[in-house]
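Student: Chain by chain, the residues:
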Amino acid sequence: MTSTISGSAPPSTGADDRRLAEGCAAGDTKVFEEIYGRFGERMKRVAWNHLGNASDAEDAVQETFLKIHRSATTFTGEASFSTWAYRILVNTCYDALRRRRRRIEESNIDDITETAERTAPNVDDTKRIALRRMLDELPEQRRAVFTLFEIEGLSHAEIAEILGISEGNSKWILFATKKELQQKWKR
Amino acid sequence: MNSTCAHLDDLLFDASPLAMETAARHAEECGECAEKLAAWNDIGDTARSMKASWQSDLLWPRIERALKNEEKQRLSRSKWLWQIAAGFVLTVALGATVFYAVRTQTHDAAFDHDILRIAAMDEVERAERSHIEAIERLEKVAESRLDDAQTPLMVSYKEKLMLLDDAIDECQANIDQNRQNAHLRTQLLAMYTEKQQTLTDVLREDNDVSNP
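Those protein sequence lines, which keep their order, are chains A and B. Just so you know, we're using the working numbering here: the first sequence kicks off at 1 and counts up by one. Just so you know, we're using the working numbering here: the second sequence kicks off at 1001 and counts up by one.
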């Protein structure tokens, strides 16, 4: 069964997904532009939540589009096109994190959090920075589940498809992660 | 639904609205669980406020440029691959043509060689036959004189001719088994020449005896 990532993008059908995949394989710029219009904003946010700064997030999104172009012929339609694209994005973020782990300094995070516009300005910046630091210390998979569920509002079914885990496991990882954060949060 | 502190984690794991409401009711009566629940909810609220968004007008043009470059490189790579493949096919075709031509030529040359060899052999045999016929005519002329051999020299010529005929028969039998043996043919020719010379000597001797 395929699930489509909910959000601002319109729901896609199997035929629509195939059209997108075929367009990407053929290198059709219009199709890529359509994908960017539909999923680009969320892709940027997901990348930002993994990498912690806008510049790295944009690099990851660009790399993701190139990977989609290269591997569009391997799209089988088992998952929806958006899920497949987010899976590539998350893996790209993992790779970028491994490469750039040492580059992400505290100062950078502070700089970026100042430049990024937030949708809920009533919550204290200190809390956000504290949570960001705690997330940075988490293993990749835990951080991914937490950010996709809590920040992006994806369901466990969607997260499971993106990360290639079971829905139950996604739920368990989220609980364990929040429990761990809860322990640190009190201090 | 009554809950205890031990159930708080189960309720948080469940995370359904009913479970969270139950947890909140328990927290009103339990300070420790209230603190835990507050931290839990605070983490969720903070996380939801971290939905960053920023203007990036240059991102799509950048991606578009990268995609076009990638496509250009892919086409260039595939063009190279086609060129290499075409070159390979051309080389194979050329090689096959050369091989076929050389083989045909070799085959023709071998065929021509065989034809020439057979023709040469026929010519040799024709020459041998006319030579032998000439010698046989000579032999017929000398035959009557040899039958009436009266001098020791004539008797000696007769014996020599008989030996030569035996040797010629043997040599001819060998040639019939190996038609192309040049050595045997030379040997046969030498024998015939010797026979011819002997017959000539017989006729000359007879002539000398008749006209002293």
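Note that these hints are calculated values from the structure, not bench results. Even glycine gets a Cβ: it sits at the ideal position worked out from N, Cα and C. Misleading hints may appear alongside valid ones.
[Claimed, not checked] Derived DSBU-like pairs (lysine-lysine); straight-line CA-CA distance at most 30 Å:
| no. | chain 1 | residue 1 | chain 2 | residue 2 |
| --- | --- | --- | --- | --- |
| 1 | B | K1068 | B | K1079 |
| 2 | A | K127 | B | K1051 |
| 3 | B | K1160 | A | K30 |
| 4 | B | K1160 | A | K127 |
| 5 | A | K67 | A | K127 |
| 6 | B | K1051 | A | K179 |
| 7 | A | K171 | B | K1051 |
| 8 | B | K1140 | B | K1160 |
| 9 | A | K171 | A | K184 |
| 10 | A | K67 | A | K30 |
| 11 | B | K1140 | A | K67 |
| 12 | A | K67 | B | K1158 |
| 13 | B | K1051 | B | K1072 |
| 14 | B | K1158 | A | K184 |
| 15 | B | K1158 | A | K30 |
| 16 | A | K30 | B | K1068 |
| 17 | A | K67 | B | K1160 |
| 18 | A | K67 | A | K171 |
| 19 | A | K127 | A | K184 |
| 20 | A | K127 | A | K171 |
| 21 | B | K1140 | A | K30 |
[Unchecked claim] Chain B regions said to be covered by chain A (calculated; three or more residues, Cβ under 8 Å):
| no. | segment |
| --- | --- |
| 22 | 1066-1073 |
| 23 | 1145-1157 |
| 24 | 1163-1173 |
Student: For each hint given before, does the structure comply? Return the numbers of the non-compliant ones in rising order.
Tutor: 3, 4, 5, 11, 12, 13, 14, 15, 17, 21, 23, 24
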